[in-house]
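Colleague: The residues making up each chain are set out below.
There are 2 protein chains.
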Amino acid sequence: MKKKSKTTTDAVKILHKTFIKDDPKRLASLQEEREKLKIAGQIYQLRTQAGLSQAQLAKLIGTTQSVISRLEDADYNGHSLNMLRRIAGALHYKVEVRLVPENAASARG
Amino acid sequence: MKKKSKTTTDAVKILHKTFIKDDPKRLASLQEEREKLKIAGQIYQLRTQAGLSQAQLAKLIGTTQSVISRLEDADYNGHSLNMLRRIAGALHYKVEVRLVPENAASARG
DNA sequence: AATTTTTATCGCAAATATGCGATATTATAT
DNA sequence: ATATAATATCGCATATTTGCGATAAAAATT
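Taken in sequence, the protein lines are chains A and B. If you read the first sequence in the numbering used here, its first letter stands for residue 1, the second for the next number, and so on. If you read the second sequence in the numbering used here, its first letter stands for residue 110, the second for the next number, and so on.
Hints listed in this document are in silico derivations from the structure and should not be mistaken for laboratory results. Check before you lean on any hint, since a few could be wrong.
[Stated by the list, open to error] Label pairs and their calculated CB-CB ranges:
#1 A:GLN56 with B:ILE170: 34 to 40 Å
#2 B:ASP184 with A:THR63: 21 to 27 Å
#3 B:GLY160 with A:ALA55: 48 to 54 Å
[Stated by the list, open to error] Residues of chain B placed beyond 10 Å of chain A at every Cβ, according to the derived structure:
#4 SER162
#5 ALA164
#6 SER178
[Said to hold, decoys possible] Some chain B residues near chain A, calculated using beta-carbon distances under 8 Å:
#7 HIS188
#8 ALA197
#9 ARG207
#10 GLU211
C-beta: ideal position from N, C-alpha, C; glycine also.
Please work from the sequences and hints to get the whole structure.
Modeller: Now the structure itself:
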């Protein structure tokens with residue numbers, strides 16, 4: 001395969017088209033979509049930068065390839081912190097969760 | 110009631126006793142405990158700083174008081190991002206998730 | 001101390017995420 | 001083009017979270 005999976009890649013492009021194009025009011029929910037994308041992207045980035053296939057990471061945390069694929073799908077919305085911690089932990093990372101004001105410029109976007 | 114609920118308050122104190130006292134090797138998992146605590150604490154802080162009771166916040170996001178109480182329990186471990194987003198959103202906050210190296214000094218903890 | 005408000009805890013039903021094999025799709029290599 | 005490897009998707013069983021009422025425990029108010 002090439003560098004990036006279709007799902008994760010396309011999501012970036014689809015974002016604007018889907019949420020901004022003709023419905024400026026939906027811009028609010030864009031925030032949420034961005035977060036979802038970021039999570040998928042972060043998992044993908046962590047995994048590939050560690051040089052692992054989905055199957056390898058899956059084995060590492062005791063699950064199967066299809067599960068990892070699902071988590072890296074930008075449209076997937078059901079992330080649990082437990083699962084994120086499992087993935088992060090396997091790669092010597094940790095999960096940071098922050099509740100920040102919607103408007104404020106975030107830590108270092 | 111006083112300022113802080115028993116559960117959330119005590120957790121701070123219990124932490125050291127439980128995880129460090131006689132078992133230095135468990136210090137690793139302390140990271141995870143801290144994260145859990147932070148989430149409970151963040152929800153609590155957000156809610157009280159908004160001047161809401163658990164029942165009021167519950168109604169705001171379409172659930173019941175006992176659910177909020179459960180989420181503010183520092184020992185609770187089953188947070189989902191969906192739930193966090195619901196709470197954050199109701200108070201005009203957003204959820205930021207970051208996977209950061211276990212060792213590195215994080216963004217601005 | 002009695003009343004009222006708020007929070008914690010329990011039990012169980014309903015909703016959602018995970019586990020996982022099978023297979024299709026896509027990419028890479030030959 | 002063929003073979004191989006990686007990823008995406010489907011369906012269904014299992015596990016976990018959420019929903020929610022009831023009640024206990026704790027705190028605030030009078």
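Colleague: Could you run down the list of hints and mark each one as holding or not?
Modeller: Quick rundown of the hints versus the structure:
no., hint, verdict
1, A:GLN56 with B:ILE170: 34 to 40 Å, "holds, 39 Å"
2, B:ASP184 with A:THR63: 21 to 27 Å, "holds, 25 Å"
3, B:GLY160 with A:ALA55: 48 to 54 Å, "holds, 50 Å"
4, SER162, "holds, 19 Å"
5, ALA164, "holds, 20 Å"
6, SER178, "holds, 18 Å"
7, HIS188, "holds, 5 Å"
8, ALA197, "holds, 5 Å"
9, ARG207, "holds, 4 Å"
10, GLU211, "holds, 5 Å"
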